[in-house]
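Asks: Sequence:
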Amino acid sequence: MSKGLLAQAEEQFIAGKFDAVADLCGELIGSDPDCHQAYYLLGRTCLALGRSDEAMEMIGQAVEKKPSAAPYHAEMGNLLATTGDFERAAGSYFEAISLAPNFIDPHVNLGAVLQILGRFEECAIVYEKSIQLAPDAATLHYNLAMVREFLGDLDIAISEYRMASELEPGWSELHRSLGNALLLAEETEEAVECFRKAIALASDEPGLYVDLARALLNSGDTKGALATCDVYMTSHPYYGPLVAAHALILNEIGHEEQAQRLLGVETLVQTFRSIPPATFGDIDTFDAALIKEAEPFLSDVSLTKARQIDELQDTDLFFFRPGPAASVLIQWIERAVKQYIVCLPDDPSHPLVANLPKRWRLVGRVGQLSALVNQMACSRSAGWLSGIYVAGAPKGCLSFGAPPPDWNCKSVLASRMVAPKVGEMVLFPSYLYHRVVPRNGDKDFIYCAFDVVEQE
175 MSKGLLAQAE EQFIAGKFDA VADLCGELIG SDPDCHQAYY LLGRTCLALG
225 RSDEAMEMIG QAVEKKPSAA PYHAEMGNLL ATTGDFERAA GSYFEAISLA
275 PNFIDPHVNL GAVLQILGRF EECAIVYEKS IQLAPDAATL HYNLAMVREF
325 LGDLDIAISE YRMASELEPG WSELHRSLGN ALLLAEETEE AVECFRKAIA
375 LASDEPGLYV DLARALLNSG DTKGALATCD VYMTSHPYYG PLVAAHALIL
425 NEIGHEEQAQ RLLGVETLVQ TFRSIPPATF GDIDTFDAAL IKEAEPFLSD
475 VSLTKARQID ELQDTDLFFF RPGPAASVLI QWIERAVKQY IVCLPDDPSH
525 PLVANLPKRW RLVGRVGQLS ALVNQMACSR SAGWLSGIYV AGAPKGCLSF
575 GAPPPDWNCK SVLASRMVAP KVGEMVLFPS YLYHRVVPRN GDKDFIYCAF
625 DVVEQE
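Position 74, counted from 1, in the sequence shown is what the working numbering calls 248; the numbers after and before it change by one each time, with no gaps.
Hints listed in this document are in silico derivations from the structure and should not be mistaken for laboratory results. Each hint should be verified, as a subset may be incorrect.
Straight-line Cα separation of at most 25 Å, DSS-like style, residue types lysine-lysine; simulated pairs [stated by the list, open to error]:
| no. | residue 1 | residue 2 |
| --- | --- | --- |
| 1 | K569 | K595 |
| 2 | K397 | K371 |
| 3 | K595 | K512 |
Just so you know, these numbers come straight off a predicted model, no measurement behind them.
All chains should be modelled from the sequences, with the hints used to inform the complete structure.
Replies: Following this line, the structure appears as structure tokens:
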């Protein structure tokens with residue numbers, strides 16, 4: 175009887191009839207409290223319905239009743255990963271693998287979790303095992319390549335990127351990643367070809383034109399680099415990083431004034447001072463309240479080890495569901511942005527002025543300043559205007575203008591250091607390369623960063 179009911183429950187699950195699944199599993203558990211299959215199926219049903227706490231409880235029961243079942247541990251790992259408990263998720267995946275060494279799902283998911291945790295040596299080993307189990311999976315070669323590139327194993331990374339792009343030749347991101355790795359290896363000609371292939375596959379992806387321009391500049395073809403920017407900018411919507419790329423190339427060919435006009439490090443980077451409301455009394459009280467509100471949104475995972483962890487540490491939930499201090503900060507940001515717009519230079523041909531959004535909204539995020547210590551200069555591709563506020567009084571400063579080393583610029587580009595005082599916010603064009611230059615003692619500060627994006 176139980177086998178028949180279980181088969182019915184599985185059929186109903188496949189059909190998406192979750193109420194029927196719950197009834198059948200309840201009947202199975204009623205007749206056999208140790209029916210681990212029913213708990214497992216019930217857990218998956220709860221997960222499909224978005225009831226993650228109940229799913230965790232049901233899968234936990236399945237694991238307890240049948241600890242030798244690798245799929246149960248793998249599913250528990252998936253659940254823990256969705257809650258952000260990556261250490262315990264890794265433990266569940268390790269257990270699943272020990273029980274079923276050729277079960278590929280926990281290998282793949284373990285690799286992803288170890289990558290998030292910054293445990294790259296272990297991650298590489300897991301991905302290598304995954305590739306043994308599924309040698310034709312381009313994604314696995316791609317993941318291994320990213321990890322090997324981070325570890326400095328550039329030759330292996332390039333080899334894996336090549337394999338991935340051969341397995342999935344129509345996937346533009348693989349050609350792009352191979353091109354970037356080849357640039358690091360100073361194989362510029364092949365890198366240029368990779369970016370051209372990527373553009374042929376995804377001609378509307380603006381970041382690819384930035385990559386191609388950078389590769390052409392590295393190869394000494396400044397005219398080609400400039401033309402690459404112009405081709406996209408004259409026929410596609412505004413994309414800020416191409417403005418920065420255009421300026422960098424102009425600076426390289428000796429047009430420093432034109433470059434500085436575009437970048438505007440002296441004129442378009444501005445500070446705005448806050449006036450905290452009476453509710454908080456003074457700026458120190460306001461900052462303390464802001465830090466307290468931010469703490470639940472911060473990840474314990476360091477940003478210094480993996481580029482893709484940015485989305486874990488920088489989260490917009492702090493702005494999406496603001497507390498009292500965050501609400502005040504948002505109002506202050508909106509006032510500062512409006513003031514910034516009013517003070518824009520009378521230069522209608524400047525790309526920042528020409529592309530002022532008719533309607534805009536804020537996208538915010540919060541993080542720990544320590545997470546930015548080793549980050550290279552970057553720009554914010556989605557924004558028109560960006561800004562940052564650091565709660566407290568950090569001793570460090572913000573650097574604007576200087577590009578990351580992979581541009582390999584030979585001409586010195588004028589840059590600017592800004593050291594915001596207590597209660598000061600800094601606004602700047604999103605396309606402007608920027609980075610935090612911290613000092614000793616800055617690591618515990620909380621930053622609130624944001625982008626002004628066009629409202630569609």
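Asks: Does K512 lie within 25 Å of K595 when you go C-alpha to C-alpha?
Replies: With a Cα-Cα distance of about 21 Å, the restraint between K595 and K512 holds, given a limit of 25 Å.
Asks: Verify the proposed pairing of K397 with K371, using a straight-line Cα cut of 25 Å.
Replies: Within the cut-off at roughly 20 Å; holds.
Asks: Given the hint that K569 pairs with K595, test it: the Cα-Cα distance must not exceed 25 Å.
Replies: 9 Å, holds
Comparing the model with each numbered hint stated earlier shows that all of them hold.
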